[in-house]
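S.K.: Here is what each chain is made of, one letter per residue.
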Amino acid sequence: MIVQAKLASLKGIALHEWAVRFFFGGAVCVAAGLIARRFGPGVGGLFLAFPAIFPAGASMVEAHEKKHKARAGFDGTTRGRTVAGVDAAGAVLGSIGLAGFAVTCWISLPLLSTGATFALATLVWITLSIISWLLSKSRVFRHMRGGKTTLHAFRNS
Amino acid sequence: MLSSPAGELVIRFLIGGVLVSLFAVIAEMVRPKSFAGLFGAAPSIALTTLGIAIAQHGKDYAAIEAHSMIFGAIAFFLYAATASWLLMRYKTRALATTVGLLPLWLAASLAFWFFVRY
Numbered sequence: 001m002i003v004q005a006k007l008a009s010l011k012g013i014a015l016h017e018w019a020v021r022f023f024f025g026g027a028v029c030v031a032a033g034l035i036a037r038r039f040g041p042g043v044g045g046l047f048l049a050f051p052a053i054f055p056a057g058a059s060m061v062e063a064h065e066k067k068h069k070a071r072a073g074f075d076g077t078t079r080g081r082t083v084a085g086v087d088a089a090g091a092v093l094g095s096i097g098l099a100g101f102a103v104t105c106w107i108s109l110p111l112l113s114t115g116a117t118f119a120l121a122t123l124v125w126i127t128l129s130i131i132s133w134l135l136s137k138s139r140v141f142r143h144m145r146g147g148k149t150t151l152h153a154f155r156n157s
Numbered sequence: 001m002l003s004s005p006a007g008e009l010v011i012r013f014l015i016g017g018v019l020v021s022l023f024a025v026i027a028e029m030v031r032p033k034s035f036a037g038l039f040g041a042a043p044s045i046a047l048t049t050l051g052i053a054i055a056q057h058g059k060d061y062a063a064i065e066a067h068s069m070i071f072g073a074i075a076f077f078l079y080a081a082t083a084s085w086l087l088m089r090y091k092t093r094a095l096a097t098t099v100g101l102l103p104l105w106l107a108a109s110l111a112f113w114f115f116v117r118y
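Listed in order, the protein sequences are those of chains A and B. Under my numbering, residues 1 to 157 are what the first sequence spells out, in order. Under my numbering, residues 1 to 118 are what the second sequence spells out, in order.
Calculated from the structure, these hints are not laboratory results. All clues given are correct.
Derived BS3-like pairs: lysine-lysine, alpha-carbon spacing no greater than 27 Å straight-line: (1) LYS137/A to LYS6/A; (2) LYS69/A to LYS91/B; (3) LYS91/B to LYS137/A.
Chain A extracted, bound-state conformation:
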């Protein structure tokens, strides 16, 4: 399976959809800061892995797929929800990378400079995420996962 990046994909996104993401991202950062201030860094730190824009992203994925199918004259409700599920499955794998990011920051912050820690942690996040994704696509995991619905969704998305 080939990973592609297309700038043209951005054309279909309305301005208000970007605004929603910007607002939620900013709001969660503010909330994380306020929670850390009120309850301390222990509880506040949990919110560094809060699914900030995940609900907004998933609903937009569903809406886009539905609209796409409607243009072809089909009811894309089921398809939209399945693709949102595939997007969420990707986030499951991304969360493995996110845990790696946290572990790297925890270990490296007292030892390295801030810039080096963030660069290393981001590298760990993307590497772990991609390795997890590649493993999920391997034959062994496909066989273990089974289930026609899931396989169908992954193959076509």
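Once you have looked at the hints, place chain B on chain A.
M.R.: Chain B alone, transformed into the frame defined by chain A:
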């Protein structure tokens, strides 16, 4: 600007919004969709919050936050896995499912944190 409480919140909001939007742009550009989903768990909030925590309180304080973040990330794994299963198996509405499951993330992250702490 970080020295005043209001200024700090504005900085948090702006940097957080920009970083989240940046990862959202990448997620929209890449295909297949399962790969784009990886960016749904991007460390955008963490980069912003840890950066400000280091500037305000130092690295030791930020390291405590990073340690707790591990449990938040494990809870994220459970949350996203449940959301994915519900969406694909029962075709539930995406917004209702992902918002409805947020208490699961909160309960799981607090439970893991308490379990390790006490």
